[in-house]
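Chemist: Here's the letter readout for the chains.
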Amino acid sequence: AQKITQTQPGMFVQEKEAVTLDCTYDTSDPSYGLFWYKQPSSGEMIFLIYQGSYDQQNATEGRYSLNFQKARKSANLVISASQLGDSAMYFCAMREGLGVTGGGNKLTFGTGTQLKVEL
Amino acid sequence: DTGVSQNPRHKITKRGQNVTFRCDPISEHNRLYWYRQTLGQGPEFLTYFQNEAQLEKSRLLSDRFSAERPKGSFSTLEIQRTEQGDSAMYLCASSGPGNEQYFGPGTRLTVT
Chain H
38 AQKITQTQPG MFVQEKEAVT LDCTYDTSDP SYGLFWYKQP SSGEMIFLIY
88 QGSYDQQNAT EGRYSLNFQK ARKSANLVIS ASQLGDSAMY FCAMREGLGV
138 TGGGNKLTFG TGTQLKVEL
Chain R
2 DTGVSQNPRH KITKRGQNVT FRCDPISEHN RLYWYRQTLG QGPEFLTYFQ
52 NEAQLEKSRL LSDRFSAERP KGSFSTLEIQ RTEQGDSAMY LCASSGPGNE
102 QYFGPGTRLT VT
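Chains as they are written, first to last, in the numbering used here: chain H, 38 to 156; chain R, 2 to 113.
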């Protein structure tokens, strides 16, 4: 089974509107972290936001918020007030085994969602 | 600028040649990672260092691949006897005490 599933290969949004990018995950580990990264056409992966599995509040960073629904195993990214510069590929990723000595350190990524912001 | 840097940014090589990439992490980060990304896919984990120790290797890292981090600062990734299937973007990331990994701009390898 895929550990990270992003079902939207492409999304369009109008400038200044909000958009939600979907991410579901699969793990039996009780301690894990969920991440969103942005990859513009230049190729660099830019860290956006992080949510730990034990965090009580949904994470927010400026215009980015993470809608974390633990029981549904979903971690959707919400971008408010979209800007033209938000056009990029967005990846959801997970790290398992947090807080465990010798625990996993790798990030497992989904296949990404290509977001295009239109005027 | 104190971000992660990678050199070269682009490499074109002929099949069968050896190539080496370098990654300079954020200076205070003791953890360093290598990933590979092919077209239309998310990055896939290759290997992880904590200081100079290589603590985790993916099965994707065949015998032709070797990575080092000799002094716990910069790292190199070498691919011997390159194959066309090695064509990809090779990404390096580093992290400090937090969980976030910060990525460099990547090295795009093309094997002809």
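Please keep in mind that the hints were generated in silico from the structure rather than gathered at the bench.
Any given hint could be a false lead.
With a straight-line cut-off of 20 Å between C-alpha atoms, the simulated EDC-like cross-links for lysine to aspartate or glutamate are [what the hints assert, rightly or not]:
#1 H:40 <-> R:57
#2 H:153 <-> H:66
#3 R:15 <-> R:57
#4 H:40 <-> H:155
#5 H:40 <-> R:25
#6 H:40 <-> H:59
#7 H:107 <-> H:66
#8 R:12 <-> R:25
#9 R:15 <-> R:101
#10 H:110 <-> H:66
#11 R:12 <-> H:123
#12 H:40 <-> R:101
Chemist: State for each hint whether it applies.
Modeler: Hint-by-hint comparison with the structure:
no. : hint           : in the structure
1   : H:40 <-> R:57  : 19 Å, holds
2   : H:153 <-> H:66 : 34 Å, violated
3   : R:15 <-> R:57  : 29 Å, violated
4   : H:40 <-> H:155 : 31 Å, violated
5   : H:40 <-> R:25  : 30 Å, violated
6   : H:40 <-> H:59  : 14 Å, holds
7   : H:107 <-> H:66 : 12 Å, holds
8   : R:12 <-> R:25  : 17 Å, holds
9   : R:15 <-> R:101 : 36 Å, violated
10  : H:110 <-> H:66 : 12 Å, holds
11  : R:12 <-> H:123 : 29 Å, violated
12  : H:40 <-> R:101 : 19 Å, holds
Violated hints, listed in ascending order, are 2, 3, 4, 5, 9, 11; each of the other numbered hints is respected by the structure.
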